[in-house]
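**Student:** Sequences are here, hints too, so could you generate the full structure?
To convert, take the position in the sequence shown, counting from 1, and add 347; that gives this note's numbering.
Just so you know, these hints were derived from the structure itself, not from any lab.
Glycine included, each C-beta is placed from N, C-alpha and C at the ideal position.
A portion of the hints provided could be inaccurate.
[Unchecked claim] Quick list of the computed label-pair ranges, beta carbon to beta carbon:
1. Gly484 x His566: 29 to 39 Å
2. Glu401 x Gly484: 34 to 44 Å
3. Gln990 x Ala539: 30 to 40 Å
4. Gln487 x Ser567: 33 to 43 Å
5. Val950 x Ala539: 51 to 61 Å
6. Gln953 x Ile982: 11 to 21 Å
7. Pro593 x Glu401: 37 to 47 Å
[To be verified] Calculated cross-link-like contacts (lysine-lysine; reagent style DSSO-like; alpha-carbon spacing at most 30 Å):
8. Lys530 x Lys498
9. Lys349 x Lys420
10. Lys842 x Lys702
11. Lys951 x Lys987
12. Lys890 x Lys968
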Amino acid sequence: MKFSKVLVANRGEIAVRVMQTAKAMGYQTVAVYSDADANARHVQVADEAVYIGESKVSASYLSIANIIAACQKTGADAVHPGYGFLSENTDFAQACSDNGITFIGPNAAAIHLMGSKRLSKIAMIEAGVPCVPGYEGDQQEIEYLAEQAEKVGFPLMVKASAGGGGRGMRLVHQSADLLEALKTARSEAENAFGSGELIIEKAVIAPRHVEIQVFGDMHSNYVYLFERDCSIQRRHQKVVEEAPCPVMTPELRQKMGEAAVAAAKACDYIGAGTVEFLLDQSGEFYFLEMNTRLQVEHPVTEMITGLDLVEWQLRVANGETLPLQQHELTLNGHAIEVRLYAEDPRQDFLPQTGKVLRWQPAGSDGMLPNVRIDHGMLEAGEISPFYDPMVAKVIAYGKTRQDAIRLLARAVDDCVLLGVNSNKQFLVNLLRHPIIVAGDTNTAFIQQHFQDDVSLHQQVPSIESLAIAATLFAQHRALTVWQTGIATPLPLKLKCADQQLSLQVEMDQQQVTVRLCDQHCTIQVVEITDNQIIYNVDGVRRKLSYVLDHNQLYLDAANGNLVIENITYAAPEAAEVVGDGKIRAPMDGAIVNLLVNAGDTVVKGQTLLILEAMKIQQQIKSDVDGVVDELIGQIGQQVKKRQLLLNVSIT
Numbered sequence: 348m349k350f351s352k353v354l355v356a357n358r359g360e361i362a363v364r365v366m367q368t369a370k371a372m373g374y375q376t377v378a379v380y381s382d383a384d385a386n387a388r389h390v391q392v393a394d395e396a397v398y399i400g401e402s403k404v405s406a407s408y409l410s411i412a413n414i415i416a417a418c419q420k421t422g423a424d425a426v427h428p429g430y431g432f433l434s435e436n437t438d439f440a441q442a443c444s445d446n447g448i449t450f451i452g453p454n455a456a457a458i459h460l461m462g463s464k465r466l467s468k469i470a471m472i473e474a475g476v477p478c479v480p481g482y483e484g485d486q487q488e489i490e491y492l493a494e495q496a497e498k499v500g501f502p503l504m505v506k507a508s509a510g511g512g513g514r515g516m517r518l519v520h521q522s523a524d525l526l527e528a529l530k531t532a533r534s535e536a537e538n539a540f541g542s543g544e545l546i547i548e549k550a551v552i553a554p555r556h557v558e559i560q561v562f563g564d565m566h567s568n569y570v571y572l573f574e575r576d577c578s579i580q581r582r583h584q585k586v587v588e589e590a591p592c593p594v595m596t597p598e599l600r601q602k603m604g605e606a607a608v609a610a611a612k613a614c615d616y617i618g619a620g621t622v623e624f625l626l627d628q629s630g631e632f633y634f635l636e637m638n639t640r641l642q643v644e645h646p647v648t649e650m651i652t653g654l655d656l657v658e659w660q661l662r663v664a665n666g667e668t669l670p671l672q673q674h675e676l677t678l679n680g681h682a683i684e685v686r687l688y689a690e691d692p693r694q695d696f697l698p699q700t701g702k703v704l705r706w707q708p709a710g711s712d713g714m715l716p717n718v719r720i721d722h723g724m725l726e727a728g729e730i731s732p733f734y735d736p737m738v739a740k741v742i743a744y745g746k747t748r749q750d751a752i753r754l755l756a757r758a759v760d761d762c763v764l765l766g767v768n769s770n771k772q773f774l775v776n777l778l779r780h781p782i783i784v785a786g787d788t789n790t791a792f793i794q795q796h797f798q799d800d801v802s803l804h805q806q807v808p809s810i811e812s813l814a815i816a817a818t819l820f821a822q823h824r825a826l827t828v829w830q831t832g833i834a835t836p837l838p839l840k841l842k843c844a845d846q847q848l849s850l851q852v853e854m855d856q857q858q859v860t861v862r863l864c865d866q867h868c869t870i871q872v873v874e875i876t877d878n879q880i881i882y883n884v885d886g887v888r889r890k891l892s893y894v895l896d897h898n899q900l901y902l903d904a905a906n907g908n909l910v911i912e913n914i915t916y917a918a919p920e921a922a923e924v925v926g927d928g929k930i931r932a933p934m935d936g937a938i939v940n941l942l943v944n945a946g947d948t949v950v951k952g953q954t955l956l957i958l959e960a961m962k963i964q965q966q967i968k969s970d971v972d973g974v975v976d977e978l979i980g981q982i983g984q985q986v987k988k989r990q991l992l993l994n995v996s997i998t
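**Tutor:** Quick look at the structure:
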């Protein structure tokens, strides 16, 4: 036996996923962790765990010396790098080899070659793999690159040779923008990758992004495990990944598969690798790059082939031949994957950090057997600012693509993540978009067709959500006046984002009615537990997960983490105490009614106009006593948050 104990030089879901297979094969497993990950799930799953440094990646997960030391301390004789971090680091692969540790992946030379877009493209051209026309030479002066770019023609792509993830990449449509694009891409590449080396390629407009999974062993055997379509992207980052590609034909699959194997053979590749191609609308394909590691999206390949790719990695690294030959591989059904991130689509996908108050992956009740969720989260954990904010990968399998995409949307919607904002609603809406369902997509889809989706903009809570909030606040405060059975209207002041909502609430035993302007909603409570409310509304029974943290309520509604604060008993904010008469919109919306005219005398608290957003109307009140001296907004006008609506002169 070549090795018996595997250290996983990674964290989160991929560390857990690798350990699960390693354990099932009888290997001992070792986790590594930083300060931030001392109690993380991957640490708990491993047989042993070693502290490797401070939370910042340079002191822990990127420290080759610390990881090698962890191997020596535990007797780990093999390292699985996962993806990201040191997974494609030539020095790390070499350090493992120098210390007699099996690196579960290709050798350092293959990593070095494929880690350079320039060198790998030269090698691919020599191997006969189709490549995008361009310049990949070693003369790198900006002026010379500009000359070569003019020869390539516009539109073109400027790319960092050592890059990835869209960094150091620029699309240039005209000569006037070329020099600035070259300088910016170089600067970005130097900062991100430590190398300013660039290549230039003819731009393939609105292509599909199709990648081929390949495997090689130490006995010169190679196979391709079919394709994955990763065309649905945002800023060059994959959003939806699926297998097989919706437009693939058997003939094209064979051509692309054989080209991918040729790429692997060109660098004597060992283990799992992915060869990425651009596929244009005419069926021509071009080499993009080769990732010398296991991909984030490998589960979709596992689901359509019935294979465990980590098992294959371990077998190959231990000197075994590939478990199957090309003619023995079959493809069945369809699988699709999305990544659930702690990020806020309404704030340009700003990464979120903080405590996760509740995490419950879909299918915990065993009702979704064709759903797989890879994650590294505990039920109540934390999203650290030091690492990628991915919470989980959600994957669904179906006999047909329609089955898979319908199930995946359901599975994402069923995931409960409370305490931090996420891209949950964005993913659900994306998966239910008619063009996505039809499979007629390319890399430009989100930019061209999805910019107006509701998940990308601030939303007003529905009147039903407000009724639930009122019920839960009342239940947990155990307000005696609401337990008398007397349905006397009581005021409740809630805050959602920057919006303050003044409600009138009537509670009669298990029935709650909420009024906001001319909107109202009545719900009948069936059951309330520590994390779920079951209720009836308009004759329909529903259930909703929640977390109540003091006066902060987190509802699994709207964007998946609707946060409502009870400020009924809070001290008045300074702006409320000292009004300035400048009446501004608290949210985006439309003016549906003006209740005053210029010259009218008004008092503090008097309703001046009605603003409507998402079918919810809000009264906009004066914050001072005074005289209306200017009406800026008009009935029917769409206004933006913080836009000035009218002025009241203080008297």
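**Student:** Any hints this thing doesn't respect? Which numbers, in order?
**Tutor:** 12
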